[in-house]
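Asker: Chain by chain, the residues run as shown.
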Amino acid sequence: DTAVSQTPKYLVTQMGNDKSIKCEQNLGHDTMYWYKQDSKKFLKIMFSYNNKELIINETVPNRFSPKSPDKAHLNLHINSLELGDSAVYFCASSQGRTSGYGQYFGPGTRLTVL
Amino acid sequence: GDSVTQMEGPVTLSEEAFLTINCTYTATGYPSLFWYVQYPGEGLQLLLKATKADDKGSNKGFEATYRKETTSFHLEKGSVQVSDSAVYFCALGDYSGNTPLVFGKGTRLSVIA
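Chains A and B supply the protein sequences, listed in that same order. Per the numbering used here, the very first residue in the first sequence carries number 1; after that it's consecutive. Per the numbering used here, the very first residue in the second sequence carries number 1; after that it's consecutive.
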């Protein structure tokens, strides 16, 4: 049983397109996150939702819009894709709003913008 | 703000060598500390954690001790295997507010037979 799952695993698309990445967790956690990992493996927090409420919204272009239909799902929609959006995007979840208890990560979605 | 500094890689070791990856942190409160491992093409997996000073986290032969006096959480393993080749991330978690994990930049380990 996969605790945190993401789809798709790979996404190749053209500049200017709009795409979505989906994330689901079956751990019963109430907080979910999106991270971006660049080519140098640096991880950057993008967003966090707690019980469908946006609680962390880092400096991210407004082309990126997260949506949480329920506390087990957090999707990421990206408009007008740019070359610089190419990266691996990780979803994560945790119990509670704080990071003191750690987070569980999905397998990642490798986005390539051509 | 909180921050994590870990040694830059890559680190290349022969099989059965001793591994140390240094990690130091800066935090205003009393954080939890974590080591995550990312195998090639995979997501991050929690390797071990420590939630208070002097705690030792351990898993799969890896160990790290939360040292408040030196603000460190160094990762060690006595005898590495080829299968340990991965990127290792030190991370800091906070119990206050809406806080994400703070990650170090990662250290790539390559173990050769």
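Hints were generated in silico from the structure; no laboratory data involved. Do not rely on the hints blindly, as some may be mistaken.
Claimed, not checked - With a Cα cut of at most 30 Å, we get these calculated DSS-like pairs of lysine-lysine:
(1) B:Lys68 - A:Lys71
(2) B:Lys68 - A:Lys19
(3) A:Lys22 - A:Lys40
(4) A:Lys71 - B:Lys77
(5) A:Lys52 - B:Lys60
(6) A:Lys9 - A:Lys52
(7) A:Lys36 - A:Lys22
(8) A:Lys19 - A:Lys36
(9) A:Lys67 - A:Lys40
(10) A:Lys40 - B:Lys105
(11) A:Lys36 - B:Lys60
(12) A:Lys41 - A:Lys71
(13) A:Lys71 - A:Lys22
(14) B:Lys77 - A:Lys22
(15) B:Lys77 - A:Lys52
(16) B:Lys60 - A:Lys40
(17) A:Lys41 - B:Lys60
(18) B:Lys105 - A:Lys9
(19) B:Lys60 - A:Lys67
(20) A:Lys9 - B:Lys56
(21) A:Lys44 - B:Lys68
To be verified - Per label pair, the in silico range of CB-to-CB distance:
(22) B:Thr12 - A:Lys22: 20 to 30 Å
(23) B:Gly1 - A:Lys41: 19 to 29 Å
(24) A:Ser65 - B:Gly97: 34 to 44 Å
(25) B:Thr70 - A:Asn79: 19 to 29 Å
Note that beta-carbon positions come from the ideal geometry of N, C-alpha and C, so glycine has one too.
Asker: Against each hint, give a clear statement of whether it holds in the structure.
Answerer: Structure-based check of each hint:
1. The hinted pair formed by B:Lys68 and A:Lys71 fails the criterion: a straight-line CA distance of about 35 Å is larger than 30 Å.
2. Note on B:Lys68 and A:Lys19: the hinted pairing is violated, with a Cα-Cα distance of about 45 Å set against a maximum of 30 Å.
3. The suggested pairing of A:Lys22 with A:Lys40 holds, with an alpha-carbon distance near 24 Å, which does not exceed 30 Å.
4. Simply put, A:Lys71 and B:Lys77 have alpha-carbon atoms about 38 Å apart, too far for the 30 Å limit, and the pair is violated.
5. Note on A:Lys52 and B:Lys60: the hinted pairing is violated, with a Cα-Cα distance of about 36 Å set against a maximum of 30 Å.
6. The hinted pair formed by A:Lys9 and A:Lys52 meets the criterion: a straight-line CA distance of about 24 Å does not exceed 30 Å.
7. For the hint pairing A:Lys36 with A:Lys22, the CA-to-CA distance comes to about 14 Å; that is within 30 Å, so the pair holds.
8. Only pairs whose Cα atoms come within 30 Å are accepted, and A:Lys19 paired with A:Lys36 is accepted, the gap being roughly 15 Å.
9. Taking the CA atoms of A:Lys67 and A:Lys40, the gap is about 27 Å. The hint holds against a cut of 30 Å.
10. Note on A:Lys40 and B:Lys105: the hinted pairing holds, with a Cα-Cα distance of about 8 Å set against a maximum of 30 Å.
11. Annotation: proposed proximity of A:Lys36 to B:Lys60 holds, straight-line Cα distance about 28 Å (limit 30 Å).
12. For the proposed pair A:Lys41 and A:Lys71, the alpha carbon gap of about 28 Å is at most 30 Å, so the pair holds.
13. Using a Cα cut-off of 30 Å, the hinted pair A:Lys71 and A:Lys22 holds, with the two alpha carbons roughly 13 Å apart.
14. Of the pairs offered as hints, the one joining B:Lys77 and A:Lys22 is violated, with about 36 Å between alpha carbons and a cut-off of 30 Å exceeded.
15. This hinted pair does not check out: B:Lys77 and A:Lys52 have alpha carbons roughly 40 Å apart, beyond 30 Å.
16. About 26 Å separates the Cα atoms of B:Lys60 and A:Lys40, which keeps this hinted pair within 30 Å; it holds.
17. In summary, the hint linking A:Lys41 to B:Lys60 is supported, as the alpha carbons are separated by about 23 Å, within the 30 Å threshold.
18. A C-alpha spacing of about 23 Å is found between B:Lys105 and A:Lys9, which places the hinted pair at or below 30 Å, so the restraint holds.
19. About 37 Å separates the Cα atoms of B:Lys60 and A:Lys67, which puts this hinted pair outside 30 Å; it is violated.
20. Our distance criterion of 30 Å between C-alpha atoms is broken by A:Lys9 and B:Lys56, whose separation comes to about 35 Å.
21. With a CA separation close to 26 Å, the supplied pair A:Lys44 and B:Lys68 stays within the 30 Å bound.
22. Taking the beta carbon of each, B:Thr12 and A:Lys22 are about 38 Å apart, not inside 20 to 30 Å as hinted.
23. The beta-carbon spacing between B:Gly1 and A:Lys41, approximately 21 Å, falls within the hinted interval of 19 to 29 Å.
24. In this structure, A:Ser65 and B:Gly97 break the distance hint of 34 to 44 Å, their C-beta atoms being roughly 24 Å apart.
25. A beta carbon spacing of about 46 Å between B:Thr70 and A:Asn79 contradicts the range 19 to 29 Å that was offered as a hint.
Violated hints, listed in ascending order, are 1, 2, 4, 5, 14, 15, 19, 20, 22, 24 and 25; each of the other numbered hints is respected by the structure.
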